[in-house]
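Could you build the full structure based on these sequences and the hints that come with them?
Protein chains in written order, with the working numbering: chain A, 754 to 1115; chain B, 22 to 196; chain C, 11 to 516.
Hints were generated in silico from the structure; no laboratory data involved.
Here the structure is a predicted model, which means the values were calculated and not measured.
Careful: at least some of the hints might be erroneous.
To be verified - DSS-like, lysine-lysine: derived pairs with alpha carbons at most 27 Å apart:
{"hint": "1", "chain 1": "C", "residue 1": "LYS445", "chain 2": "B", "residue 2": "LYS106"}
{"hint": "2", "chain 1": "C", "residue 1": "LYS462", "chain 2": "B", "residue 2": "LYS165"}
{"hint": "3", "chain 1": "A", "residue 1": "LYS1092", "chain 2": "B", "residue 2": "LYS192"}
{"hint": "4", "chain 1": "B", "residue 1": "LYS139", "chain 2": "C", "residue 2": "LYS483"}
{"hint": "5", "chain 1": "B", "residue 1": "LYS139", "chain 2": "C", "residue 2": "LYS479"}
{"hint": "6", "chain 1": "C", "residue 1": "LYS26", "chain 2": "C", "residue 2": "LYS337"}
{"hint": "7", "chain 1": "B", "residue 1": "LYS139", "chain 2": "C", "residue 2": "LYS486"}
{"hint": "8", "chain 1": "C", "residue 1": "LYS445", "chain 2": "B", "residue 2": "LYS57"}
{"hint": "9", "chain 1": "C", "residue 1": "LYS479", "chain 2": "B", "residue 2": "LYS192"}
{"hint": "10", "chain 1": "C", "residue 1": "LYS476", "chain 2": "B", "residue 2": "LYS139"}
{"hint": "11", "chain 1": "C", "residue 1": "LYS483", "chain 2": "A", "residue 2": "LYS1092"}
{"hint": "12", "chain 1": "B", "residue 1": "LYS192", "chain 2": "C", "residue 2": "LYS372"}
{"hint": "13", "chain 1": "B", "residue 1": "LYS106", "chain 2": "C", "residue 2": "LYS337"}
{"hint": "14", "chain 1": "C", "residue 1": "LYS462", "chain 2": "B", "residue 2": "LYS139"}
{"hint": "15", "chain 1": "C", "residue 1": "LYS270", "chain 2": "C", "residue 2": "LYS26"}
{"hint": "16", "chain 1": "A", "residue 1": "LYS1092", "chain 2": "C", "residue 2": "LYS270"}
{"hint": "17", "chain 1": "C", "residue 1": "LYS204", "chain 2": "B", "residue 2": "LYS165"}
{"hint": "18", "chain 1": "C", "residue 1": "LYS476", "chain 2": "B", "residue 2": "LYS151"}
{"hint": "19", "chain 1": "B", "residue 1": "LYS151", "chain 2": "C", "residue 2": "LYS479"}
{"hint": "20", "chain 1": "A", "residue 1": "LYS1046", "chain 2": "C", "residue 2": "LYS26"}
Unchecked claim - Listed next, with one range per pair, are the computed distances between beta-carbon atoms:
{"hint": "21", "chain 1": "A", "residue 1": "TRP991", "chain 2": "C", "residue 2": "GLN407", "range": "41 to 47 Å"}
{"hint": "22", "chain 1": "C", "residue 1": "PRO45", "chain 2": "A", "residue 2": "VAL1108", "range": "53 to 59 Å"}
{"hint": "23", "chain 1": "A", "residue 1": "ARG1100", "chain 2": "C", "residue 2": "ALA467", "range": "54 to 60 Å"}
Ideal placement from N, C-alpha and C gives every residue a C-beta, glycine not left out.
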Amino acid sequence: MSSNTSLGGASPHAHDRSGVNNIMFNVCLALAPVTAWGIFLWGLPALMMWVLCLVSAMAAEAFCLYLRQQPLSRLTDGSAMLTGWMLAMTLPPWCPWWVAVGGSAFAIIIGKQIYGGIGQNLFNPALLARIALLISFPVPLTTWIDPGVSPSFADAISIVFGQGPLSLANADAFTGATWLGDSKAAVKGGADMLEWLGANYSLHNGFVGQMRGSMGETSALLVLLGAAWLMFRRIISWHIPVALLGTLALLALVSSHTQPERFAGPMFHLLSGGAMIGAFFYATDYVTSPTTKQGQILFGIGAGAMIFAIRSWGGFPEAVAFGILFMNALTPLIDRVTKPRVYGRNRRGEAVAHVSAQRRVN
Amino acid sequence: MLTATLVLTLLGLALGTLLALAARYMAVEDNNPMAKEIEQLLPGSQCGQCGFPGCGPAADAIATGEASVTCCPPGGRALAETLAKMLDIDLSTLGESPEPLLATIDESLCTGCTRCYKACPTDAIVGASKQIHVVVSEACTGCKQCVDTCPEDCISLHTPEVDLTRWHWHKPEAA
Amino acid sequence: MMLLGMGRFRGGVHPKTHKLDSRELAINTDVPLPPMLYLPLGQSTGDDALPLVEVGDRVLKGQKIARAGSRMSANLHAPTSGIIKDIKPVTMPHPSGLPANAIWLEPDGQEEWCELTPPADPYQLPHDELAGLVEEAGIVGMGGAIFPAAIKLRQGRRFEIKTFIVNGAECEPYLTTDDRLMCERAKEIVEGTKLVRHIIEAYRAVIAIEDNKPDAIKAIKEAAAGVGSIEVVIVPARYPMGSAKQLIQAVTGLEVPAGKRSNDIGVLVHNVATVYAIQQALTLGKPLISRVSTIAGNCTGQPQNLEALLGTPISHLFDVCGGLESKPARLLMGGPMMGQVLTTTDVPLIKGSSGLLALTQKEVNEHVPSPCIRCGKCVNACPMGLLPLEMARSSRQDDFDNAQEFGLRDCILCGSCAYVCPSHIPLVQYFEYAKGELRDRRSEADKLTLTKQLMEARNERMEAEKAAKLAAKQAKKKKDKPKRAAAEETSDSEATAAVAEGETES
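Here it is as C-alpha cells:
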C-alpha cells in the first residue's frame, strides 16, 4: 500500500529550504540589537536576568517534553529559547531571579504546553506570563531603572538573587516610573499633558532608547533594525505592525488634536512603552495571529485600538501586552471570517456565476 | 422575604408541573425509530457477518448502542461514518473498520453444481449448471453464504487486492 | 476589470528552476533502440486499452496494437517494428510500484513504418472527422493529464470557444521539454495550433509562454508571424502557471467556476506537446509513438532533452544520459512539484512522462515534519485560495467532510503549500490520502446501492418464481386428482422451504 521510503514520498519533491528553527533563529537574531542595548543600559543584572529566562524556559520545555514523552530533540526548534528571550524583553531589567524563572516556567507550561505544545497555544506565551507576573507581583514588575546605571558584580548578584533593586540603599535615586506611567499619573492629578510632555519627554531619547522601561522595549531604532531584518527575510509581513502602529498613531493624532491637554500625540505613543517591539515582534507571532493578510490587518487595527484605549482610560499605564492578548483571543474568529475567496467560488463558497458558452447551433 | 419565598415556590411548582407534563406527553417512543432508519441504510443482504441474525436485529443493536457502527463489513467505512453521524458518535473514536471480503471460486475444483449461485443473496455468482461459476466482485458482499453451501470447498474469502485504481497514498505519520 | 486580472493569479511560489542544465540542449532524437519495449495498456484516463495483437505477431512501426477500452481511454500504437513477445504485467511508473498489463514488443531494428494515410488537406475534412483522426492517433494530454485529446476537442465543439490557449508555461522546475519543443519545432506547433483552432472553431488562439523562456518566445513569435490571428502571450514565470485554471486566469482574467470545466466559460487549453502531436497526426498521419522528455537531476550524468519511443525502459534512458552517478534520493516521473515517485528505473516511458528526474537528498530537501506553527505561508501560497493547514488537520483526524469544506474539493494538488511549509509537513500527502479515502467511501457507497438493488431484484424474482410454482401446483391439482396426496407432499415442503428462505433473506 505504501512507498518504501520511511518519510512522506508524495509530491512536492522540492522545498524552499525554510525551517522552523531557521525562523526562530532569525527572530532571535533580530532581537539581538535591542538585547545588547538593554544590557548596555542596565549592566550585569539585565544580562543575568536574560540568561535566566532563556535557560529556565528551555528547562521547562524539556521537562514538558519529557512528561509528554516527546523527543527532546524538539528543543532544537528554538521556540522555547525564543519564548524565554521574548519574556526577558518584557521584564524590568533588574527584576529578581524568581520572577525570571517563574515567568519562563509559566510561559512554557501554562502558556504553551498545556494547550498541546508548539502551534497549539491561543495566547502569546511570553505576554501571558508577563501579565500573570504583573498582576501577581506588581512591585518588582514596575520597578524601572534609570538608563545607564551599571552596578558592580556584587551588587548585581544581590539585585538578582537577593532582595531586588529596592533593597539597595539609594534605590530612589535611580528608580522611577516610565513615561507612560508618569504622564498618566500627572494627567490624573490634574496636570496638563502638554506641560508634562514639555518638561519630561524627548523625542530623541524615545527613538534611541534613553529612558526607563522594560529591557527590550526602549529603543525604537534598534527594534526597527530587527524588524527590517525580519521583513527582509520574509519572516514577518508589514500587515500587522503597520495596521497596529497606524491605528495607534491615528487615534493619538485625533485625540491629541481635540484635547491636547489630556492626550499625547502620535509620536509619544509610538515611541513609549512596548508599542514598537510589541507591533513587530509580539503581535506578529505566527501561532497566535491570523493567517490571512486581511485577518492580520484586522488584528493590527484591533490591537492598536485596544492599546490606545487602555493607555488612555485603563487602570494600567502600559497596554501593549493586554491589547495583543485580547486580539489573540479573537484570532480564531478573525481567521474564520477572513477566509480567502476560493478560485471559482464566491465568498459564500458557491460556484461563481458564468455565462454558459454552450453552442446553440450545431 | 415572604413574597420572595412564595414567588420562588410557585415558580418551582409551575415549572415542575410543566416538566412532568412534557415528560408525559412529549416522550420519545421507546421502540427506537432510529432502528428503522438504520435498517434502511444497511445492505439488507442478511449475511450475518456482524454476528446478528440479520440486518433488522443488527439495526436494533446499533441503535441501542449494543453493536458498533463499524460492525458491518459489506457496508464498509462509508456506512460506518454515515451511521456515526446519524447517532452523533465522534468519528475519531470509531476505530478500524473490518476489511471487506470478496469470494473467489477455485476454478480447478468447481463442478458447476449451482448451489452457491442459488445461495448468493446479491446474484454475484454467474454460471450455469455443469459450468464453472465466477464471482462478480462488484456485486459480492463477502457474506460467506456461498462458502457454506459449496460441497467442494472451492470457494474462499479474501480481502480484495489493491490495484492501481484503488491505490492511494497512506496517511503521513503524525508530526 | 479583465485587464486588472491579466497575467495574475493568487498565491503561487517561485521554486528554483534548475532549468539551466538542460534548456540549451537540443532534443536528442537519436536514442538507440532498447532490447525490449514495454507498452502498458493503461496509459490514459479510463479503462485499459484492449490488445489487438497476439503473442508472436510482427507489427510495424505506427501500427495500432491496442484500442481504447472505454470512451475515456486511448488507442496504443507500436513505437517501432518488431515482434510481440508477450502480454503480461510490468511494474508501472507509479508510486505504488504495482504491476499492470503491458504489451512486450521486441524491436527488430528495421524501423519499418506501416502505411501512413495523412489527409491531403485537413482543412477540407469535416471537423468531427479531424477529431476522429486525433482519437485514432491515440493522443492524450502530454503535460501529464493523460486525458484523451480527442474528447477535449469534441467537447470543445459543443461549446462556443472564445479562447484556445496553448499551454507553453512549463512552470515545473527542471523540465525543458516544452521549451525545447517550442524552440526547435515552432512551425509545427503553430500549425497544430491552427488546426486545433480550426477544429473547435475558436475565435482566438493564444500560445502562452512564461517569461523565462526567451528563446521559445522568439521562435514561436517568428513562426506565428506569417500566420494570422495566433497571439503569443507572455505570462510571468510563477508556479503553478502551467495549471489550466491558473493559466486561464492569467490569460483571460476569467475563473473556471467550481465544478465546471473550462469549456463552460468558452476556453480550451492544450499543452504544447499535445498540439505538436496533433499536428503530427493530422498532417503526417503519424500516431503518438514517442515523446520528448527531460532527463535531469543531480544524480544524472549528463542531463538531456530526448525524444524516446514510448515503452523504452527508463533505465535505458538514464544510461543514454551517462547513467546514474549516485543512488538517487528520489526518482521521479514529471517535475519535482507534482511528479510521481518511481520505485525503480525498471519501468517504461509512457505518454505522460514529461520528465525523469534523479534527485539528490539536497535537491529534495526532505525533513522530518514538525508540528504546524500556523505561520500561514501555505494560505498565502495557495493559488486556489484554500486553507491547507486546516485541510491537513482535518485529514489527519479523518474528518474528510471538514477537509472538503476547508478546500479539499477545490485542491489541485499543486504542492505550493508543502513547498513553503517551514514545518515540512507533507501537506499534499495528507490531501492525496484524504482524496483517496473519499474515493474509497464513494465506491463503497456505490457498492452498497448496487447490493440493495440486486437484493431487491432477487427477492422479486423469488416471489415471482414462488407465485409461478403455486399457480402450476393449482393447475396440477385440478388435472391430476388421483396423484394428489403425493404431489402435495413434495410441493408443500418446497413452498415452505421457499418461504423460509425468503424470510431470512428479505
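Against the structure, the hints come out as follows:
For the proposed pair C/LYS445 and B/LYS106, the alpha carbon gap of about 20 Å is at most 27 Å, so the pair holds. With a C-alpha separation of about 17 Å, the suggested pair C/LYS462 and B/LYS165 falls inside the 27 Å cut-off, and the hint holds. At most 27 Å may separate the alpha-carbon atoms for a hinted pair to count; A/LYS1092 and B/LYS192 meet this at roughly 26 Å. For the suggested pair B/LYS139 and C/LYS483, the alpha carbons sit about 22 Å apart, so the restraint of at most 27 Å is met.
Distance check on the hinted pair: B/LYS139 and C/LYS479 sit about 17 Å apart at the alpha-carbon level, within 27 Å; holds. Restraint check: the Cα-Cα separation between C/LYS26 and C/LYS337 comes to about 22 Å, which is no more than 27 Å; the hinted pair holds. At roughly 26 Å between alpha-carbon atoms, B/LYS139 and C/LYS486 fall within 27 Å of each other, so this suggested pair holds. This hinted pair does not check out: C/LYS445 and B/LYS57 have alpha carbons roughly 32 Å apart, beyond 27 Å.
For the hint pairing C/LYS479 with B/LYS192, the CA-to-CA distance comes to about 55 Å; that exceeds 27 Å, so the pair is violated. For the hint pairing C/LYS476 with B/LYS139, the CA-to-CA distance comes to about 14 Å; that is within 27 Å, so the pair holds. Note on C/LYS483 and A/LYS1092: the hinted pairing is violated, with a Cα-Cα distance of about 72 Å set against a maximum of 27 Å. A distance of roughly 25 Å separates the Cα atoms of B/LYS192 and C/LYS372; the hinted pair therefore holds under the 27 Å criterion.
Annotation: proposed proximity of B/LYS106 to C/LYS337 is violated, straight-line Cα distance about 49 Å (limit 27 Å). Under the criterion of a C-alpha separation no larger than 27 Å, the hint pairing C/LYS462 with B/LYS139 is consistent with the structure, at around 17 Å. This hinted pair does not check out: C/LYS270 and C/LYS26 have alpha carbons roughly 33 Å apart, beyond 27 Å. For a cut-off of 27 Å, the pair hint linking A/LYS1092 to C/LYS270 stands: about 22 Å separates their Cα positions.
Taken as a hint, the C/LYS204 and B/LYS165 pair is broken in the structure, with Cα atoms around 60 Å apart against an allowance of 27 Å. Annotation: proposed proximity of C/LYS476 to B/LYS151 holds, straight-line Cα distance about 24 Å (limit 27 Å). Under the criterion of a C-alpha separation no larger than 27 Å, the hint pairing B/LYS151 with C/LYS479 is consistent with the structure, at around 24 Å. Of the pairs offered as hints, the one joining A/LYS1046 and C/LYS26 holds, with about 25 Å between alpha carbons and a cut-off of 27 Å not exceeded.
Remark: the range hint 41 to 47 Å for A/TRP991 to C/GLN407 is contradicted by a beta-carbon distance near 34 Å. About 56 Å separates the C-beta atoms of C/PRO45 and A/VAL1108, a value consistent with the hinted range of 53 to 59 Å. Roughly 47 Å separates the CB atoms of A/ARG1100 and C/ALA467, a value that falls outside the hinted 54 to 60 Å.
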